[in-house]
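Novice: Chain by chain, the residues:
2 protein chains.
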Amino acid sequence: MKREGSYLGLPEDVSARARRGRGRSTGLEQWLLRRLREAMGNPAVRVTLWDGYTAGEPGARGQPTLVIGDRSALWRLLTNPGLNFGDDYSAGRLNVEGSLTALLEAVYRARPNPADSTLAYRLAFSRRLRRRPNSLAGSRGNIHHHYDIGNDFYRMWLDPDMAYTCAYYPQPDMDLGAAQRAKMEHICRKLRLRPGQTVVEAGCGWGGLSRYMASHHGVRVAAYNISPQQITYARQRAQADGLDHRIDYIEDDYRNIRGDYDAFVSVGMLEHVGPEHFGELGAVIRRCLKPAGLGLIHSIGQNCSEPMNAWVEKRIFPGAYPPTLAEMTTIFEPNELTVLDVENLRLHYARTLQHWLERFEGRRDDVRQMFDEKFVRAWRLYLAASIANFSTGWLQLFQVAFTGARNNALPESRAHLYQNGPSFQAHG
Amino acid sequence: MKREGSYLGLPEDVSARARRGRGRSTGLEQWLLRRLREAMGNPAVRVTLWDGYTAGEPGARGQPTLVIGDRSALWRLLTNPGLNFGDDYSAGRLNVEGSLTALLEAVYRARPNPADSTLAYRLAFSRRLRRRPNSLAGSRGNIHHHYDIGNDFYRMWLDPDMAYTCAYYPQPDMDLGAAQRAKMEHICRKLRLRPGQTVVEAGCGWGGLSRYMASHHGVRVAAYNISPQQITYARQRAQADGLDHRIDYIEDDYRNIRGDYDAFVSVGMLEHVGPEHFGELGAVIRRCLKPAGLGLIHSIGQNCSEPMNAWVEKRIFPGAYPPTLAEMTTIFEPNELTVLDVENLRLHYARTLQHWLERFEGRRDDVRQMFDEKFVRAWRLYLAASIANFSTGWLQLFQVAFTGARNNALPESRAHLYQNGPSFQAHG
Numbered sequence: 003m004k005r006e007g008s009y010l011g012l013p014e015d016v017s018a019r020a021r022r023g024r025g026r027s028t029g030l031e032q033w034l035l036r037r038l039r040e041a042m043g044n045p046a047v048r049v050t051l052w053d054g055y056t057a058g059e060p061g062a063r064g065q066p067t068l069v070i071g072d073r074s075a076l077w078r079l080l081t082n083p084g085l086n087f088g089d090d091y092s093a094g095r096l097n098v099e100g101s102l103t104a105l106l107e108a109v110y111r112a113r114p115n116p117a118d119s120t121l122a123y124r125l126a127f128s129r130r131l132r133r134r135p136n137s138l139a140g141s142r143g144n145i146h147h148h149y150d151i152g153n154d155f156y157r158m159w160l161d162p163d164m165a166y167t168c169a170y171y172p173q174p175d176m177d178l179g180a181a182q183r184a185k186m187e188h189i190c191r192k193l194r195l196r197p198g199q200t201v202v203e204a205g206c207g208w209g210g211l212s213r214y215m216a217s218h219h220g221v222r223v224a225a226y227n228i229s230p231q232q233i234t235y236a237r238q239r240a241q242a243d244g245l246d247h248r249i250d251y252i253e254d255d256y257r258n259i260r261g262d263y264d265a266f267v268s269v270g271m272l273e274h275v276g277p278e279h280f281g282e283l284g285a286v287i288r289r290c291l292k293p294a295g296l297g298l299i300h301s302i303g304q305n306c307s308e309p310m311n312a313w314v315e316k317r318i319f320p321g322a323y324p325p326t327l328a329e330m331t332t333i334f335e336p337n338e339l340t341v342l343d344v345e346n347l348r349l350h351y352a353r354t355l356q357h358w359l360e361r362f363e364g365r366r367d368d369v370r371q372m373f374d375e376k377f378v379r380a381w382r383l384y385l386a387a388s389i390a391n392f393s394t395g396w397l398q399l400f401q402v403a404f405t406g407a408r409n410n411a412l413p414e415s416r417a418h419l420y421q422n423g424p425s426f427q428a429h430g
Numbered sequence: 003m004k005r006e007g008s009y010l011g012l013p014e015d016v017s018a019r020a021r022r023g024r025g026r027s028t029g030l031e032q033w034l035l036r037r038l039r040e041a042m043g044n045p046a047v048r049v050t051l052w053d054g055y056t057a058g059e060p061g062a063r064g065q066p067t068l069v070i071g072d073r074s075a076l077w078r079l080l081t082n083p084g085l086n087f088g089d090d091y092s093a094g095r096l097n098v099e100g101s102l103t104a105l106l107e108a109v110y111r112a113r114p115n116p117a118d119s120t121l122a123y124r125l126a127f128s129r130r131l132r133r134r135p136n137s138l139a140g141s142r143g144n145i146h147h148h149y150d151i152g153n154d155f156y157r158m159w160l161d162p163d164m165a166y167t168c169a170y171y172p173q174p175d176m177d178l179g180a181a182q183r184a185k186m187e188h189i190c191r192k193l194r195l196r197p198g199q200t201v202v203e204a205g206c207g208w209g210g211l212s213r214y215m216a217s218h219h220g221v222r223v224a225a226y227n228i229s230p231q232q233i234t235y236a237r238q239r240a241q242a243d244g245l246d247h248r249i250d251y252i253e254d255d256y257r258n259i260r261g262d263y264d265a266f267v268s269v270g271m272l273e274h275v276g277p278e279h280f281g282e283l284g285a286v287i288r289r290c291l292k293p294a295g296l297g298l299i300h301s302i303g304q305n306c307s308e309p310m311n312a313w314v315e316k317r318i319f320p321g322a323y324p325p326t327l328a329e330m331t332t333i334f335e336p337n338e339l340t341v342l343d344v345e346n347l348r349l350h351y352a353r354t355l356q357h358w359l360e361r362f363e364g365r366r367d368d369v370r371q372m373f374d375e376k377f378v379r380a381w382r383l384y385l386a387a388s389i390a391n392f393s394t395g396w397l398q399l400f401q402v403a404f405t406g407a408r409n410n411a412l413p414e415s416r417a418h419l420y421q422n423g424p425s426f427q428a429h430g
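Those protein sequences? They're chains F and U, same order as listed.
Residue numbering for the first sequence follows our numbering, beginning at 3 and increasing consecutively.
Residue numbering for the second sequence follows our numbering, beginning at 3 and increasing consecutively.
Please keep in mind that the hints were generated in silico from the structure rather than gathered at the bench.
One or more hints might be untrue.
Claimed, not checked - To list a few chain U residues with every Cβ distance to chain F over 10 Å, as calculated:
1. Thr56
2. Pro83
3. Gly152
4. Arg194
5. Pro197
6. Gly220
7. Arg239
8. Gln241
9. Leu245
10. Asp246
11. Arg257
12. Gly261
13. Cys290
14. Arg348
15. Met372
Stated by the list, open to error - Incomplete in silico selection of chain F near chain U, CB under 7 Å:
16. Arg113
17. Asn115
18. Asn305
19. Cys306
20. Thr331
21. Glu335
22. Thr340
23. Val341
24. Asn346
25. Leu349
26. Gly395
27. Ala407
28. Leu412
29. Glu414
30. Tyr420
Don't be surprised by glycine CBs; every beta carbon is placed ideally from N, CA and C.
Based on the sequences and whatever the hints tell you, model everything.
Specialist: Now the structure itself:
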């Protein structure tokens with residue numbers, strides 16, 4: 003497991019630096035460390051101070067270890083763990099011996115359900131930032147922060163189609179590219195696409211799904227996105243693939259969608275919409291979907307309404323929020339839309355993220371050159387924490403198919419989703 | 003279409019009686035009739051007074067006609083349509099020429115979405131009874147009212163397995179019995195039942211599903227029900243089929259379920275639970291489901307939170323309420339349960355009810371002999387109104403599969419639900 007330790011664990015030099023005494027830890031600091039671990043529900047991890055003092059089961063070998071590198075990192079962790087863990091891990095003042103993902107999984111497994119959590123736990127862990135607003139202007143800024151890091155960065159570790167959303171692994175040994183194509187085919191089948199139909203896509207990313215729908219199902223696509231870099235890339239790819247006569251990329255907000263379509267699809271955008279705008283989104287769908295039209299929204303979700311982790315919200319995904327299924331229904335219920343099918347793909351996202359993390363680590367020297375070590379550590383943490391959130395059940399992936407409330411042109415069953423051999427017709 | 007007219011339409015003699023002048027209608031009554039039809043959104047039906055005065059498109063032949071038989075029926079319809087329509091139809095003071103189902107479908111199609119409805123519409127149609135409480139004692143009374151009408155009555159028109167819930171028609175030409183068996187197999191596959199497992203069923207009806215699970219999937223079942231007549235019937239059938247060593251019928255409330263099970267299933271009970279008790283139901287499930295256990299709840303639902311029609315609540319189903327999907331999530335979200343799969347079988351229920359109504363009409367002379375003409379008319383109205391509610395999209399049928407929030411022993415896809423040839427192993 004050399005590879006595991008070297009790419010998820012602690013680089014030797016940083017560990018050495020962290021251990022170069024910052025003075026001996028005091029009794030108070032050691033007591034606080036034990037209380038911290040208790041407040042976290044005593045997860046199956048060891049926590050070590052800069053001078054080697056350790057809280058955790060003695061001799062629990064093989065357990066991942068969090069190394070707190072200096073006095074101020076301890077105090078920062080005590081006062082605002084949600085934000086400071088990420089910042090101090092990125093800065094190398096917190097380190098992990100063993101697997102970072104396994105450490106986070108152990109922490110998340112010990113975390114009590116919000117309904118059952120104690121006041122002490124909530125005081126310690128619920129200090130969060132206010133979510134940045136997703137107004138028309140706010141959304142542009144929020145999306146720019148994450149998606150315009152640079153196409154070259156994402157190209158290093160995403161699949162060839164540049165899908166940056168949960169893949170679908172009906173066979174567990176699929177590689178990332180095959181699983182992303184399987185996801186796109188699964189969505190097209192849920193939408194029952196037929197050649198000549200029109201589809202509107204809200205939040206099209208780098209355009210992988212629109213290219214797939216146009217080339218494999220012969221539909222025309224109007225694809226909306228407010229990330230300039232993604233739109234530029236998507237247009238170039240469509241042109242190179244000879245699909246530009248079938249796909250219209252529109253650099254605009256979902257709220258400005260116009261037209262009348264046979265299908266509505268949105269994959270990985272809802273997390274950036276904010277539940278206060280779900281009714282608006284539903285009204286857009288109601289307006290642009292034909293009476294017999296089908297729709298699908300694919301989004302990260304959660305079981306309890308909780309804000310995103312403060313660090314992820316601040317450093318990685320400003321304005322993001324994974325809705326509960328109940329919150330998602332506010333898109334449909336007031337807007338004469340009926341939910342036909344919900345599929346939870348939670349473990350598929352854990353696997354997708356595992357593939358991304360492996361590919362990311364394989365290119366970390368290039369990423370470091372493009373940015374710096376801090377960036378590498380921040381993204382490693384973000385990807386590992388995401389794996390842990392999905393694998394321990396704190397995050398879900400909901401694919402929700404829906405239609406107009408009065409549409410009776412529905413299939414007899416969902417068997418058509420599972421017929422062998424996708425109907426890959428070529429529609430030049 | 004003689005048969006259609008004779009069994010869904012108006013018996014000749016009642017029609018004649020209704021038309022035997024109650025005096026000529028006044029200008030005010032005629033004006034009120036036109037306003038009533040307008041307030042209903044001008045549905046594609048004709049409405050006729052006792053003296054032949056008609057509101058509706060002139061010459062709209064083929065449209066079903068509502069005949070208001072006397073002066074007081076008109077005033078009663080104006081003051082409390084939700085309750086009095088049903089009572090006066092049952093009493094033969096309101097009659098329908100043409101198809102009753104088609105008339106109700108036309109009315110429901112014209113009905114505005116609650117979010118969009120005018121104040122006048124709400125004043126006219128929202129007068130409802132307070133729902134009867136579903137406390138432990140209240141539930142017993144409510145369930146007795148409907149399910150203890152008599153096993154002989156239900157046996158006349160249900161399928162041989164006595165399933166009184168939505169069937170599943172993966173092939174549209176299936177007969178009722180085959181579709182009920184397909185529904186049971188579909189549920190067993192969603193629960194991934196394996197021989198030797200234990201299942202708890204909340205609200206087992208006449209025991210059809212428990213017998214199917216025990217005989218086709220080799221599981222042991224603890225089946226709860228608070229209807230004495232249903233439990234007696236279920237015990238006799240299990241004994242006759244030699245399944246009594248595998249099925250334990252318990253005459254008790256779902257709130258008193260005890261034990262530790264591999265699966266939880268409830269088909270057609272949630273409508274009688276009441277959303278104020280959903281958290282309690284979820285806590286019962288959390289307590290009795292093993293960590294890797296799977297659950298399924300099958301329930302009538304709706305898109306907007308609205309009380310049941312007052313007449314159905316009062317005469318047919320006291321205490322009943324079809325929840326929204328958002329309300330259903332309150333079972334799961336606070337109780338560390340995760341929704342895996344939601345399937346909406348709305349049109350399957352319209353077809354099931356159509357089969358029930360046909361069979362009911364085939365036995366209406368026997369039903370009349372057992373009860374009286376009023377009962378026949380009330381049940382005809384209830385079945386026809388249910389068809390119309392499902393076919394026009396006002397009611398849904400949600401099958402929700404779920405599991406413990408941390409259960410990672412999940413199938414790779416839902417393909418196993420659609421493999422040909424159900425594995426009908428015999429487990430004597």
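Novice: Was U:Arg194 rightly flagged as not at the interface, with every chain F Cβ beyond 10 Å?
Specialist: Answer for U:Arg194: holds, closest chain F Cβ roughly 15 Å.
Novice: Identify whether the interface hint at F:Asn115 stands, where standing means a beta carbon of chain U within less than 7 Å of its own.
Specialist: This hint holds: F:Asn115 lies near chain U, its Cβ roughly 5 Å from the closest one there, short of 7 Å.
Novice: Given F:Leu349 as an interface hint, is its Cβ closer than 7 Å to any Cβ of chain U?
Specialist: holds (6 Å)
Novice: Hey, does U:Arg239 actually stay past 10 Å from chain F on C-beta?
Specialist: holds (29 Å)
Novice: Per the CB criterion, is F:Glu335 less than 7 Å away from chain U?
Specialist: holds (5 Å)
Novice: Taking the least C-beta to C-beta distance, is F:Glu414 closer than 7 Å to chain U?
Specialist: Nearest chain U Cβ about 6 Å off; hint holds.
Novice: Beyond 10 Å on every Cβ pair: is that true for U:Gln241 relative to chain F?
Specialist: holds (35 Å)
Novice: Beyond 10 Å from chain F, beta-carbon-wise, is U:Pro83?
Specialist: holds (22 Å)
Novice: Find the nearest Cβ of chain F to the Cβ of U:Asp246 and say whether that gap is larger than 10 Å.
Specialist: holds (34 Å)
Novice: Does F:Val341 hold up as a contact with chain U if the rule is Cβ-Cβ below 7 Å?
Specialist: holds (6 Å)
Novice: For the restraint on F:Thr331, tell me whether the closest CB of chain U is nearer than 7 Å.
Specialist: At about 4 Å, which falls below the 7 Å cut-off, the nearest Cβ of chain U leaves the hint on F:Thr331 intact, so it holds.
Novice: Find the nearest Cβ of chain F to the Cβ of U:Gly261 and say whether that gap is larger than 10 Å.
Specialist: Fine: 23 Å to the nearest Cβ keeps U:Gly261 off the interface.
When the structure is compared with the earlier hints, violations turn up for hints 14 and 16 and for no others.
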